[in-house]
Amino acid sequence: MLAAVLVMAGLALVLGGVLGWASIRFRVEEDPLVEKIDAILPQTQCGQCGFPGCKPYAEAISKGEADINRCPPGGEEGVRRLAELLGVEPKPLGEGLEHKPKSVAVIDENLCIGCTLCIQACPVDAIVGAAKQMHTVVPELCTGCELCVQPCPVDCIHMEVIKEDVVTWKWRYPVVSIRKTA
Amino acid sequence: MRTGNPPAAGARGRRLYDFPGGVHPEGHKAVSTGRPIAAMPLLPRYVVALRQHIGEPARAVVQIGERVLRGQLIGRPEGYVSVGVHAPTSGRVVAVEPRPVPHPSGLMDLCVVIDADGEDRAVDLAPLDWHRMDPSALRNRLREMGLAGLGGAVFPSFIKLNPGAKRQIPILILNGAECEPWITCDDMLMRERASEILLGAHVMRHMLGAEQVLVGIEDNKPEALACMAEAAAGSDVEVVGVPTVYPGGGGKQLTYTLTGRKTPSKGLTTDVGVQVFNVGTAYSLYRAVYLGEPLVSRVVTVTGHVGSPRNLEVRLGSPISDVIRAAGGELPGATGEVIGGPMMGFDLHDTSAPITKAVNCVLVRNAEHFPPKPAPMPCIRCGECARACPAALQPYELYWYARHRDFGKTQSYSLFDCIECGCCSYVCPSHIPLVDYYRFAKSEIWAREREKQAADLARERHEFRIFRLEREKREKAEKLAKKASERMDSGAVATDDPEAARKKALLAAAIEKAKQAKAGIRPKNVDDLPADKQREIAAIEARRQQLASTAEPSDTRSPTPDS
Chain A
15 MLAAVLVMAG LALVLGGVLG WASIRFRVEE DPLVEKIDAI LPQTQCGQCG FPGCKPYAEA
75 ISKGEADINR CPPGGEEGVR RLAELLGVEP KPLGEGLEHK PKSVAVIDEN LCIGCTLCIQ
135 ACPVDAIVGA AKQMHTVVPE LCTGCELCVQ PCPVDCIHME VIKEDVVTWK WRYPVVSIRK
195 TA
Chain B
100 MRTGNPPAAG ARGRRLYDFP GGVHPEGHKA VSTGRPIAAM PLLPRYVVAL RQHIGEPARA
160 VVQIGERVLR GQLIGRPEGY VSVGVHAPTS GRVVAVEPRP VPHPSGLMDL CVVIDADGED
220 RAVDLAPLDW HRMDPSALRN RLREMGLAGL GGAVFPSFIK LNPGAKRQIP ILILNGAECE
280 PWITCDDMLM RERASEILLG AHVMRHMLGA EQVLVGIEDN KPEALACMAE AAAGSDVEVV
340 GVPTVYPGGG GKQLTYTLTG RKTPSKGLTT DVGVQVFNVG TAYSLYRAVY LGEPLVSRVV
400 TVTGHVGSPR NLEVRLGSPI SDVIRAAGGE LPGATGEVIG GPMMGFDLHD TSAPITKAVN
460 CVLVRNAEHF PPKPAPMPCI RCGECARACP AALQPYELYW YARHRDFGKT QSYSLFDCIE
520 CGCCSYVCPS HIPLVDYYRF AKSEIWARER EKQAADLARE RHEFRIFRLE REKREKAEKL
580 AKKASERMDS GAVATDDPEA ARKKALLAAA IEKAKQAKAG IRPKNVDDLP ADKQREIAAI
640 EARRQQLAST AEPSDTRSPT PDS
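Sequence lines, in order, name chains A and B.
The end of the first sequence is residue 196 by my numbering, with every number in the run present.
The end of the second sequence is residue 662 by my numbering, with every number in the run present.
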């Protein structure tokens, strides 16, 4: 009887030790929540959420300091995915926030005076130029955050909605026309 | 689910394999095979799209007003997956602008518009010395000459003709199956130009280092089979009749039928050592290599509800309206045009769009052959679609998830193995447009992938910007600190080193002297001023003096040791 108890206890100890060691040795490094939230956010870095960029907003969400419906570029889809990740109910975008179609900033090069204010405002360094030299936006890098529009002293920057072309065109969701039969 | 068997006996007793699924739609092939291939008469105007292939569009290299010759490069390949675009005839470039193109979206795309001068002069065409050319140089030449797969996918041929560093491609298959109903351009090409096709295949075989060449032709084309077999007689090229089952002309399906090799999920036929080319591509390769002619024309089937359905050799860039007119024009009662066949084709939005490398058929619809589709009804999960699917997928599950926008799930049901052949929609008793759902899901997934890449790039750039700003701040602070400590150092040295102290004393004396000299100078232009002005100046001077005296003590508070 005693031998059996000892054997079982010994086995339990050994196996427990192995399991404990394995849980440390083969620990799977999981993405912290902030990274996961940040991966859903569109990285526009526009600050419309009230935070200076997507990462700070992600941090605020993970701490429960900010709501999930503060990101207009992400739109309803973004809110839905955040809700899914965090296990909460999706909700409409916050008040005063509005999802706009994706656009890029365009500088009217005839009006630009080369003040560099927009370059300093651009969160992703998508504007090329130097003092007293004409500036231009690299459209492939522009996130459409509109942060450069306000600082321009001569109002030479405007936003242009990106038009669909044959590459970015998407097959539409099949809509079935309901017709009267018989 | 049917797999692998039962094998059927093909020509010369080759064992054939039966791929799962497939359907037997009515062929309607005889409609357009009654007349030989005819060359389209020269048109007054051509609209050449710069994006005629998969990958990056070509970049226009001609100016408006420039004269061009037939076969002259007007669009240079841009990026790796890209091929050149050439002028279809001689003439003058009148515009480089977005024009309607044959695309399911109906959107416009950049085109070069050429007004023909009627002379049709060609650039100097020289055959390629393909036997002696370096393989890589030959491939580059074919890239420039605009060769792309003419079976419908228009993938740049030069990439497919690269056997790779280690990859073995022992089998080359020429695809002459042409399983899509109505289309007969490959059929007619094989009947009329079999030996040229085989010459092209010979070059392909040389480039790939393939040991075996198989030509797969569906057995509903006995004339083409006979012509190809006759042309191949005496060579080791094997012409094989395969059973007529749609989509037997799919690259993976034909590979399986002929060799029994199954292409892995998400893989290519090259993964199992097989490369497949359309017979039309082989013919264009023949023209490129033996005649030195870039890809400027192709055979197009114009069929359906037209005056004289037939196959035409059409210059790329010919407006589709002209092509339809050349085949007798649309008959009364036409209800629209389809680019491609009824199973995989799409509706044309604008007949001013030009023929591109991808267009193998212009099918004019009428109410008789293309009645309006009945309204879809709910899926009853009968499983007919799964039995018909040649890729052995579960279309009803894919439909379910695509409909509910659960794109992750569609991918775990191998959405991207779907070849969009349309068999499932064809057999669906509820008339659900299944393929439309898969296309929707695929393009949503691609769009998200693009968005994700853009977001990753933006994140990276934003993080680098923050890092850069911080680095600049730090560097500035370091520079200032360094300057300050240098000044401290020089002061400390002065107290120790008598030479430095002497210099410092000299400097201080010189400054003092200059100050005194400055005090001695009086402005000369104030003497003649009236008394009130003099008083005002005196007041200002007094204020200056006062300011200077208040500023002086602040100097003594500064950390410089010489004060």
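Since the hints were derived computationally from the structure, they do not count as laboratory data.
Think of the CB as a built atom: it goes at the ideal place given N, C-alpha and C, for glycine as much as any other residue.
Among the clues, some could well be false.
Unchecked claim - Restricting the straight-line Cα-Cα distance to at most 30 Å, the calculated cross-link-like pairs of lysine-lysine (DSS-like) are:
#1 K472(B) - K50(A)
#2 K184(A) - K551(B)
#3 K582(B) - K612(B)
#4 K581(B) - K50(A)
#5 K184(A) - K581(B)
#6 K541(B) - K184(A)
#7 K177(A) - K581(B)
#8 K50(A) - K603(B)
#9 K365(B) - K582(B)
#10 K105(A) - K541(B)
#11 K184(A) - K582(B)
#12 K551(B) - K581(B)
#13 K114(A) - K551(B)
#14 K116(A) - K105(A)
As the list claims (entries may be wrong) - A few chain A residues that don't get close to chain B, going by computed Cβ distances all over 10 Å:
#15 G24
#16 L55
#17 P115
Keeping to a limit of 30 Å between CA atoms, is the pair of K116(A) and K105(A) held or broken? The given pair, whose Cα atoms are some 22 Å apart, holds under the 30 Å limit.
Straight-line alpha-carbon gap K184(A) to K582(B), limit 30 Å: violated, 60 Å
Taking 30 Å as the top limit, are the C-alpha atoms of K105(A) and K541(B) close enough? holds, 27 Å
Pair hint K551(B) and K581(B), alpha-carbon separation not exceeding 30 Å: This hinted pair is violated, its Cα atoms lying about 44 Å apart.
Sort out whether K551(B) lies within 30 Å of K114(A), counting only the CA atoms. holds, 18 Å
Do the alpha carbons of K581(B) and K50(A) lie within 30 Å of each other, as the hint requires? Measuring from Cα to Cα gives roughly 42 Å; hence the hint is violated.
Pairwise hint evaluation, K581(B) against K184(A), where the allowed Cα distance is 30 Å at most: violated, 58 Å
Regarding the pair K50(A) and K603(B), is the alpha-carbon distance no greater than 30 Å? Judged against 30 Å, a Cα distance of about 64 Å means the pair is violated.
Between the alpha carbons of K177(A) and K581(B), is the straight-line distance 30 Å or under? violated, 53 Å
Decide if the proposed pair is consistent with the structure: K184(A) and K551(B), CA atoms, cutoff 30 Å inclusive. holds, 16 Å
Pairwise hint evaluation, K612(B) against K582(B), where the allowed Cα distance is 30 Å at most: Holds, at roughly 28 Å.
Status of G24(A), Cβ more than 10 Å from any chain B Cβ: Answer for G24(A): holds, closest chain B Cβ roughly 45 Å.
Of the hints listed earlier, those the structure fails to meet are numbers 1, 4, 5, 7, 8, 9, 11, 12, 16, in rising order.
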